[in-house]
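Chemist: Going down the list, the sequences are from chains L and Z. Read in order, the letters of the first sequence are residues 1 to 114 in the numbering used here. Read in order, the letters of the second sequence are residues 1 to 111 in the numbering used here.
Honestly, the hints are just simulated from the structure, not real lab data. Fair warning: this is a prediction, and the values are worked out from it, not measured in the lab. There's no promise every hint is true.
As a list, the in silico DSS-like pairs of lysine-lysine whose alpha-carbon atoms are at most 25 Å apart [to be verified]:
#1 K106/L with K70/L
#2 K38/L with K99/Z
#3 K3/L with K99/Z
#4 K99/Z with K106/L
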Amino acid sequence: AQKVTQAQTEISVVEKEDVTLDCVYETRDTTYYLFWYKQPPSGELVFLIRRNSFDEQNEISGRYSWNFQKSTSSFNFTITASQVVDSAVYFCALPISGNTPLVFGKGTRLSVIA
Amino acid sequence: ETGVTQSPTHLIKTRGQQVTLRCSSQSGHNTVSWYQQALGQGPQFIFQYYREEENGRGNFPPRFSGLQFPNYSSELNVNALELDDSALYLCASSFLGEKLFFGSGTQLSVL
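So here's chain L without its partners, still in its complex pose (with noise of 0.2 Å):
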């Protein structure tokens, strides 16, 4: 069955520190994609990114980047010099099957300290 783990519940850092975020997951699929989602305090959950299996090169964009390792079953997320905007909880996620639905993590809140 798919399943995502994310093992830290609450992280605090203070503002400019990098932070990394874990992501482990289960799968029964050979190619699959994996997705992080933020959900700031409006609840309303914002798409980050979609990676495929098949890519293991790490993507960054801004001051986010993904560190996908198929051999670990891991997929963390690193924010660079973290701001108080990036206070949110963030969940990791699996396909079901195909693209949708998903399976959630119970995802990690970040809170940012100015």
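Keeping the supplied structure of chain L fixed, place chain Z upon it in accordance with the hints.
Modeler: Quick look at chain Z alone, frame taken from chain L:
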């Protein structure tokens, strides 16, 4: 381009009542799914609709039911409400199962 909108934003019901939550999909999206998010947990998949037919369902009892309309808007109905149904209900739309776009949710409290 309008995003996913949900109504109402908050709702209070009592045990045994029935509730209907509504969702308007993002323009151009033909697939809608619903998720339940209990406090401190990740969203859990309830069901998904494509072209007005349910095409996937999570581990939720039959008292959770839904509809998708020709304009791709959707409803989630919950009968015989239980205390454990208290949660944030999120609607998400997508085009042909591509990445999901979520609404801000309906916070349901069952007393």
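Chemist: Would you mind marking each hint as holding or not holding in the structure?
Modeler: Structure-based check of each hint:
1. Taken as a hint, the K106/L and K70/L pair is honoured in the structure, with Cα atoms around 21 Å apart against an allowance of 25 Å.
2. Between K38/L and K99/Z, the direct Cα distance comes to roughly 14 Å. Compliance with the 25 Å bound is thereby established for this hinted pair.
3. Of the supplied pair hints, the one linking K3/L and K99/Z holds, its CA atoms being roughly 19 Å apart against a limit of 25 Å.
4. Taking the CA atoms of K99/Z and K106/L, the gap is near 19 Å; set against the 25 Å cutoff, the hint holds.
When each numbered hint is compared with the structure, no violation occurs for any of them.
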